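Chemist: Protein chains in written order, with this note's numbering: chain A, 530 to 1031; chain B, 530 to 1031.
Derived by calculation from the structure, the hints in this document are not laboratory data. Since this is a predicted model, take the numbers as computed values, not measurements. Be aware that one or more of the hints could be misleading.
Given that identical chains are not distinguished, each listed pair holds provided it fits within a single copy or across any two copies.
[To be verified] List of simulated lysine to aspartate or glutamate pairs, EDC-like, C-alpha gap at most 16 Å:
| # | residue 1 | residue 2 |
| --- | --- | --- |
| 1 | K928 | D620 |
| 2 | K715 | E920 |
| 3 | K539 | E579 |
| 4 | K747 | D535 |
| 5 | K698 | D970 |
| 6 | K730 | E644 |
| 7 | K701 | D744 |
| 8 | K1022 | D864 |
| 9 | K626 | E743 |
Number of protein chains: 2
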Amino acid sequence: MQDKFDELRKRYEEVAALGAAGSLLGWDQNVFMPPGGAAARGKVQSVVSEVAHLKFTAPETGALITEVYDWAQAKGQESFEAAFLRAVKRDYDHEVKLPSALVKEFSLATTASFEAWHKAKQASDYSIFAPHLDKVLELSRLKAEALGYAKSPYDALLDMYDPGLNREKLDKVFAELAAGLTPVIKAINERADRVSNEPFKGDFDLPAQLRLSEDILKAMGYDFSRGRLDQSAHPFSTGIVAPHDARITTWTQRDWLPASVYGSMHEGGHALYEQGFPAEFAFTPLASGASLGVHESQSRFWENLIGRSRPFAAWALPLYRKHFPGKFDKYSAEDLYRAANRSEASLVRTEADEVTYNLHVALRYEIETRLLDGSLKVKDAPEFWNAKMQEYLGVKPTKDSEGILQDVHWGFGMIGYFPSYTIGNLISAQLFAALKKDLPDLDARIEHGDFAPVLAWLRRTIHAKGRTLLPEDLLQEAIGEKLSVAPFVDYIKTKYSGLYGF
Amino acid sequence: MQDKFDELRKRYEEVAALGAAGSLLGWDQNVFMPPGGAAARGKVQSVVSEVAHLKFTAPETGALITEVYDWAQAKGQESFEAAFLRAVKRDYDHEVKLPSALVKEFSLATTASFEAWHKAKQASDYSIFAPHLDKVLELSRLKAEALGYAKSPYDALLDMYDPGLNREKLDKVFAELAAGLTPVIKAINERADRVSNEPFKGDFDLPAQLRLSEDILKAMGYDFSRGRLDQSAHPFSTGIVAPHDARITTWTQRDWLPASVYGSMHEGGHALYEQGFPAEFAFTPLASGASLGVHESQSRFWENLIGRSRPFAAWALPLYRKHFPGKFDKYSAEDLYRAANRSEASLVRTEADEVTYNLHVALRYEIETRLLDGSLKVKDAPEFWNAKMQEYLGVKPTKDSEGILQDVHWGFGMIGYFPSYTIGNLISAQLFAALKKDLPDLDARIEHGDFAPVLAWLRRTIHAKGRTLLPEDLLQEAIGEKLSVAPFVDYIKTKYSGLYGF
């Protein structure tokens, strides 16, 4: 039986190696590829992913899984073999459940719908996108039927990104978040001028911004011998072969320093996760985050819980002064802390601060669930969007390009993806609260740039597990808790009442 | 039948797309990959090339080739279809002729022999490498038998790199070269002090070296929107997907400016060839050089015939002055020209100038042909090497690391590869002589940095043909000549008698 397992493992290694080639193709495309290479690159990528898909979904893979599954589980729930089989079976079942005709139709439809979204956003004309969104929803319903679900078709889609999550749980999560955050947002709006982000505005040398990011990443424990930092149009992180080669990019804006700094910390958080998988997980389905939500918890943990904390500002101030001589002389650590935490209700999710961010997600969640079950018509969605923005954030888009057309996700066919962002925020606050208990001098450590015990704690509780556990079990093992909203809302209330004085 | 052709073409596209992924993996490994990624990268590369190999050598490929070959040829010798089939059949026949057991054994043997070579070179101890070289030769003989040949087993190996070439032709080439060049080398040795390369020695800012290379490459016509220039340990060029994405690297040495400049021009010459293939050749076997020798002719053309010419020095002097303020004020264009052409017999091929270079190759050719046919024993090769160095160049290695162990090729199992370097040099001189006839004001053009007519001429005669023709036919079509030694020897004699005054 060991032979069969080895055969399955070798088969998966080949799939993973092709996946690694695909990751590098994607990384290069966004970082270094000359523009003339674009058209050919699309073909190369589609061949590589198609070859990997065919190899993975071949009946031989399924037969091997069936043969060795029980043998592997008998080795113990926590054994490498058992975890390998659970993960590979999950992926295999998922991929073979979708009829290839549907996969192809979905791929064609989302290619068209992405183009339509792009045009629609540029023209701020929802009518260009609406019929494509209709088609994406129709095919997503078919996908959900093919994948199967207990209660709601939406759950089947959700499960692709965050196993174990469902609409029932999310309805509660978002209701609790809206209830907890709306009063905070209101209180902040009434005191908008009390916090200034002036220190981060100005003219900041771009190479110096990258050097600052490097210093911060090194302090966080990002291993540059197993990764790199480059620039791209949008920041991203990608594990070429985790944990051996996990790269990040950031962006730079001359007049707004936080773009590069917090872009780097966010992607650095993702990459620390990937660098933290055990080496023997490389080329297995275990060298992956437990879910999108857990992955996002790692990026948000470093970006927000650490990076926007008061002790972090105290540690970082000398770095800001070193890289931008003269520019930060007049500011105190408290000024930096406040600048990194100005909150303001705005129209665009990707520019939202940590207070308002999750209500942007709540709104998308409410719309996409209603669109999928048919209780909201595609044509009525923009109006619903605008009304909800008013309700949650007190602001209202004047054009759809700043409203319902702002995000690419639905254009790409990614229904059920948005909630992961909020799950990540919630988990990051839960982890931070637990870490504080385990490490009572956490603030002092951060203030001295001593992030090693923080990383060690994340390595042990989260990173080292890779994808051996479902998110729920991972959280239970790590901190003995279920997913919950309260720690995040508490964190926001405490922090922002202090900042704004309410 | 068109359907079958389309099917074959699609099949080949997939193989080529996997090849493109492999090229990017190789490029990244040499340019940007963090060191920790090395071990995993080897696995990814071997999976990608194995998958491509299996897809290409599948019986379905052979069946399609057989089915459409005559149909394609009937479209006319010069048709795309006919050329496609000739090239794909050549590659397919080659790959399937080698039994997979032999391919595997060769791969294992050369992995071991490469490691042994590395150790042997470091220790300057030939005895570490000798048994591995024996094995490589034994397997190379088996390869030659499997591939088949008319007269000499060496011809079968040669044919992999330079179709149509054989030992009979090469014996004459190298004899003629040795006879023509030895007196020139002797004459130069007697006047060694007459040419100084002092202008190129000093302390040259590394980023400025790259900017200088960029300026030269742009003038040559290298299209940066379909390529890039980066740095690596050794300069190389790689067509990720020719002609859409053809990249180059160079190296930089603070104290020796020609390393970066001529590295860039050499690789730029290779890349101009790849950028010059017709767009419809992308993802076909025609998007490739006609042979290694023809490819090398393009790099040497720009590096030596153009780059080390008197009018080039006149054009380049202001650029040198611009990028290295003050450093070139005291030198004239003639000083630059002379500095770029100092010749000196030395021990190491990769550092050899254009006069002595081909005798380094001649020596290797004589040794590898004799080793293969058994007329020279592996144990006697170092002595043969040293005696030949004395005979050709008047210098003799004092240790094998500077002698027979200097090159990696045999360690990699590449028997029959070296002659391509010389073929490239010969063709570059033939092309240059023909170009001069077609473009009587060539010198004036070069002096003004007007390389457009030069590139246009190469595009038309060489680049646009891709791999549609065998090297011999390509040369015949381009300039109405067969491969010949005289133009190169004439070029060397004229140039160096002028430089050294003999």
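Chemist: It remains to establish, for every hint, whether it holds in the given structure.
Modeler: Hints, one by one, checked against the model:
1. K928 to D620: So K928 and D620 fail the 16 Å test inside a copy (40 Å) and across (58 Å) alike.
2. K715 to E920: within (11 Å within a copy, 91 Å between copies)
3. K539 to E579: between (19 Å within a copy, 13 Å between copies)
4. K747 to D535: neither (38 Å within a copy, 52 Å between copies)
5. K698 to D970: neither (34 Å within a copy, 80 Å between copies)
6. K730 to E644: neither (35 Å within a copy, 55 Å between copies)
7. K701 to D744: Close neither inside one copy (40 Å) nor across copies (62 Å); limit 16 Å.
8. K1022 to D864: neither (20 Å within a copy, 75 Å between copies)
9. K626 to E743: neither (44 Å within a copy, 52 Å between copies)
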